[in-house]
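Given the sequences, and given the hints that come with them, work out the whole structure.
Here the protein sequences come in this chain order: A and B. Under the numbering used here, the letters of the first sequence match residues 431 to 830, in that order. Under the numbering used here, the letters of the second sequence match residues 145 to 472, in that order.
Only true hints are included.
Okay, the calculated bits of chain A under chain B, using three or more residues with CB under 8 Å as the criterion:
id	region
1	667-679
2	807-814
Think about it this way: if two alpha-carbon atoms lie no more than 20 Å apart in a straight line, the pair counts; the simulated EDC-like pairs of lysine to aspartate or glutamate are:
id	chain 1	residue 1	chain 2	residue 2
3	A	Lys457	A	Asp467
4	A	Lys722	A	Asp648
5	A	Lys464	B	Asp286
6	A	Lys824	B	Asp286
7	B	Lys376	A	Asp467
8	B	Lys386	B	Glu371
These are calculated hints, taken from the structure and not from any lab test. The beta-carbon is built from N, C-alpha and C at its ideal position, and this holds for glycine as well.
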Amino acid sequence: MNGFTVAAIILVALCVGAYIFRFVGQKVTNDAPKFRDMGYGEAFGFVLGAALLIWAVWYYFQPKTLDTGVPNAGVVFFRWAVQGLIIASIAAYLFRLLGRTVGTAGTRKLFRSMPLTASFGILVIILYSFLAIFAGAIAPYGQAEILGAANVVAGGDPALGGNPEYPLGTDQIGRDILSRLIYGAQNTVGIAFITTCLAFFIGGSLGFLAATLQGWLDQLLSRGVDVLMAIPSLIFALLLMTIASVWANELGVPLTIFMILIIAMIDSTRVYRLARAVGLNIVVMDYIEAAKLRGEGLGYLVFKEILPNAMAPLLAEFGLRFCFVFLTIAALSFLGVGIQPPLADWGTMVRDLAPFINFAAFAPTAAVAPLLAAGAIALLTVGVNFVVDWMLHKSSGLKE
Amino acid sequence: MSSLLRIILHRLGLGLVTLFVVSIVIFVAVNLLPGDFAEAILGQGATPESVAKIREDLGLDQGMVVRYFQWLSGMLTLDLGTSFAQLNFANFGGAGTVTVADQIAPRLANTLFLASVTACIAVPLAVTLGILAALYRNTAFDRAANIFTLSSISSPEFFMAYVLILFLAVLNPIFPSLSNIFEGMAFSERLEKSMLPALTLTLVVTAHMMRMTRAAIINLLASPYIEMARLKGLSPMRVIVKHALPNALAPIINVIALNLAYLITGVVVVEVVFVYPGIGQLFVDSVKIRDIPVVQACCLIFAAAYILLNLTADILSIVSNPRLRHPK
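What follows is the structure, encoded as structure tokens:
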């Protein structure tokens with residue numbers, strides 16, 4: 431019996447199950463409206479969900495090791511995933527509860543209407559900022575410190591090739607992975623944050639300037655931005671990084687500085703678009719006219735009149751832009767042209783530790799390190815996106 | 145219809161102009177490189193004679209504008225020059241050189257194969273899931289789909305790739321984790337080997353397309369004619385598929401084309417993870433060894449594909465929406 435037959439049998443069983451479920455529901459509840467008006471698709475959804483839940487519970491309680499003594503890696507990973515999900519949900523719930531009771535009236539109100547995903551996102555952002563700021567104090571070892579043992583497996587169990595001194599193991603040349611993960615928060619997140627700020631400064635001020643002055647400057651900047659946006663950003667970044675790597679050698683300036691400038695430049699085009707569009711809507715307002723008649727200068731107009739009124743869309747854009755910048759930097763580092771060693775960085779760590787995934791079937795703990803580094807990137811972007819999604823949903827007032 | 149044709153021609157013209165300017169940007173950017181290509185190619189073995197020889201071969205002794213037009217005409221006639229790595233090889237006594245065009249052509253075909261496999265899986269899946277999410281909006285299914293798609297949009301491609309490798313290649317050996325594709329491979333084997341990269345890309349693009357499908361349909365649900373269809377007593381499925389979907393097609397087609405354009409960039413990282421012999425892999429390798437002719441050519445190809453797909457998205461949305469055909 432091959433996989434396809436099994437899948438077909440399960441599918442047929444689910445279809446029949448859905449029909450039976452609805453029929454029994456109608457009979458037992460004496461045609462309660464919920465069952466009477468239930469579509470077949472809905473019934474199928476309920477049965478499928480129940481089947482998945484039963485399978486998940488059954489799979490969760492499978493033994494951790496097979497009879498032959500080999501660890502049942504699938505179960506181990508599944509348990510970690512489920513435990514992680516439960517802990518995350520509880521943490522998000524508690525954090526929201528805390529937010530609802532502590533703080534000013536305004537923040538309490540904000541937390542009351544917040545979905546669990548958004549409070550999870552805020553929690554993640556706080557956690558990462560904490561790690562990034564206090565990395566030096568939290569990490570047990572230095573980020574470039576080469577310790578005695580190389581290739582120590584995560585888990586801290588000496589029988590499996592671990593070492594309790596290095597809970598997440600060490601990499602190929604013997605640097606502590608836990609410390610590098612923590613320093614990664616500082617380097618990767620910090621650099622991404624600086625880059626995003628720079629992109630916003632360049633793109634935002636040029637966009638507002640174009641919206642205020644209009645005329646030839648607007649045309650020039652907008653057409654330039656159109657051209658730059660026609661090149662896929664990762665490709666353009668890779669091209670410019672090739673050139674920058676030569677310049678970095680020539681001038682003796684770290685490549686990371688060039689990377690910040692290049693990515694800020696590429697991403698500022700997207701910010702420019704938004705800032706100009708928002709600015710154009712604002713400059714036609716009466717209060718701008720009044721300020722112009724008062725004889726205010728350009729700087730006053732841009733920073734005191736337009737900027738405060740464009741803050742809300744720009745803030746949402748800042749969150750999204752930060753994610754894109756962060757992912758671009760991670761991708762560049764992963765491809766080997768981004769943040770340079772010995773700085774600890776998640777993208778580089780994923781690339782360096784990736785081969786360990788192939789040992790997952792025999793030693794689940796060995797595969798943890800690369801997944802943790804990649805997961806650290808994913809967790810932050812997911813968190814930020816949850817928050818931005820909630821903010822956009824709140825400000826758009828979508829109900830259905 | 146003639147006005148439609150005019151709009152399409154106008155857009156095509158704009159696209160060509162953009163591509164032309166992009167080629168200038170790429171060329172100028174590359175020429176910002178310090179020092180001399182000839183010395184860069186020869187590296188340690190540079191003697192004044194060999195440097196002069198290479199300079200002459202590459203036409204580096206001519207002015208920048210002349211070189212640009214030579215490069216551009218080369219691009220148009222598919223003569224992309226010779227890669228530095230190959231030149232160096234020839235210079236040290238290697239026999240015969242492979243041109244950039246010869247290097248790129250098979251890899252471009254591989255990448256297009258991967259992209260089309262992805263599109264074949266992703267597009268039907270995304271539209272179906274989007275319709276289902278709109279149909280069962282605000283239920284547990286919709287919420288789960290929302291969280292799942294938001295997470296898969298925002299995680300990096302390589303995270304998805306390694307999670308898939310972990311579950312579908314290492315723990316349950318269903319698909320191979322390395323896609324060593326070569327010429328003359330049977331179609332089924334080729335499909336099997338490129339399944340994991342295709343699935344990774346599917347995960348990344350499906351999420352976006354599905355959210356847009358859902359949003360486009362839900363946007364329409366408040367319109368009076370949908371209310372009418374509901375009051376007639378049509379089933380929710382019929383209301384959505386027969387009445388809402390045709391009007392939501394324009395934004396959906398648009399987002400599909402945009403996502404195919406996104407595939408072009410996403411493919412780079414995914415190809416590197418799975419060692420898939422596509423153009424993205426070639427691009428990254430050339431970037432690392434600073435093989436300028438290959439980098440330039442790949443960059444232009446990526447940009448052309450990106451512009452073309454964006455243009456398609458533009459034109460399709462104009463064609464499918466009469467209101468855009470008659471701008472006020």
